[in-house]
Amino acid sequence: MEITPLGDSALLIRVAENFDNAPEDALNKVLAAQRALESIKIPGVIEIAPAYTTVAMFYHPARMVDGGVPEHDLLGWLEQRIREALSNAPSDASRMETRSPIEIPVCYDPEFGFDLEEVAHRAGIDSKQVVDLHSGGEYRVHCLGFTGGFTFLGGLPKKLATPRRDVPRKEVPAGSVAIGGKQTGIYPIKSPGGWNVIGRTPRGLFDPKNNPPTLLRAGDRVRFRAISRDEFERSTS
Amino acid sequence: MNATAIRAGFLTSVQDLGRPGFRQFGVSLGGALDAHALRVANLLAGNDESAAGLEITFGGLRLRFSDDRIVAWGGGEFKARVGSTPLDAGHPALVRAGEEFSIEPPALGCRAWLAISGGIDVPLVLGSRAGDLRAGFGGIDGRPLRDSEQVPLGENTPRVKGLIDKLRSEQIGRWKPPHDWSNTAQRAPTLRYIRGADSDRFVNAARQSFSSESFFVSPDSDRMGIRLDGPQLERTEDVDLLSEAVAPGTVQVPPNGRPILLLNDCQTIGGYPKIAHVITVDLPITTQLCPGDRVRFTEISIRDAHALFLERERNLEQFRRGLESHFK
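Those protein sequence lines, which keep their order, are chains F and A.
According to my numbering, the stretch in the first sequence is residues 652 to 888, in order.
According to my numbering, the stretch in the second sequence is residues -10 to 317, in order.
These aren't lab readings, by the way, just hints derived from the structure by calculation.
Values in this document were obtained by computation on a predicted structure and should not be read as measured data.
Take the hints with a grain of salt, since some may be wrong.
Partner residues are not named here, just some residues of chain A that face chain F (Cβ under 8 Å, in silico) [as the list claims (entries may be wrong)]: (1) Pro94; (2) Ile183; (3) Ala186.
Even for Gly, the Cβ is constructed at its ideal location relative to N, Cα and C.
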């Protein structure tokens, strides 16, 4: 485990290596670490946020000192607490309970899936096969980021891997389901983006009026269900 | 009670200390780019330090009040007025019902933070009133202030009313904060940083250039980050990393070798290697950088960065206590 300062108010804690060969294993380690670090109360810690192989811990140095941490070596003290917490906790969350898979309806109409043809062409299959493959698998949420609620999903069938577009689009519509390299993801709000858009979901994934603001969380299992244009229109009206 | 934005200015938005706690959902910290300047202005105006105020970019704001309020501001070098009286940064002033607070385009720097007693009373979204202009929520409908728009204000507290009475005749309080807290713009500043989390992913020459040469602020800079032109910072290998956390102050380097210094509206995670992290107490200076400005970087230890952070917090606490006498 490697702990690296991310400035004077945050740390990066690397809990997994070798993501490409064992992405699910990395996710389980990250979730376990997040849980372990949230369960110990460290004075001055503001939040803990997961990514692919790392967990970030954000802290407020003055609140740490107010909480009794010796001020001459905040970093050393934090590192020690983190190592203790992670060595005493299970390092793998694979047996922790997860929510049952969440179904996301997706309309793969070419009018929504601007890059569906391109993805099919690269994979050497037709667009219907892309849809079948994409909606046939089970995915896991690795992390949320980029914009509020952008969902990074692992588990994309290898055949569908497609490099990001050379020139990102200035505007990708809210709900767009897309492929970027070996991952698939969902743009919850309108934003610029470089991933290959293959469809659109009518389901709201990010609403800042709710807490938590996202439908999906890191660790969740996700399935896509192909829906018709009619069903899409009915669910948005 | 409302104030009216007779002129909204170039880019004015409602900001507070942001919305920590939601990074795991991809929500940026946001809030006042110079949180410290807003805290200081709030304390001067008799508010809790976390009250929502206005972030004013490039000036041009005229705000008319419909009741008596205490205001205070800090940031770059601007000419501001309450009614027809000039108001320097860092002093509390009484704006009487019907009078205007106005601020001209800056002589140096680009942003100012205005605190108004009672605070700006827009709804809390995810625990904050800050406008997230990129995602389009918080503040006033997640967008910049418009001409002729009403700005809802909270009630003046009893302690503020005491200060209003006190400033009835002289209008402007003579006291001001210590240090440069309300005047943060510097010409060609040197920013202190601690070594980047991916420092060893850069060739030696890149690390050396970063700490010894000048960089220039590019026009495509905003609340997300400041893009810098200058020596290209070469990486040891041309691969992007798996996305991991970034934070305000992080200096990341995309494949084109031009560093980006991230600010509060930055994304929560990113895949570009991080060569440096500007220390918290120097972030206020970065928020005043304008296109074409020159900037340099110098490395310090994380221990020193923490010591500077703690020293500033202690000074702020002392300042807060010292202000109490004015509210009695």
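task: Determine which of the earlier numbered hints do not hold for this structure and return their numbers in increasing order.
output: 1
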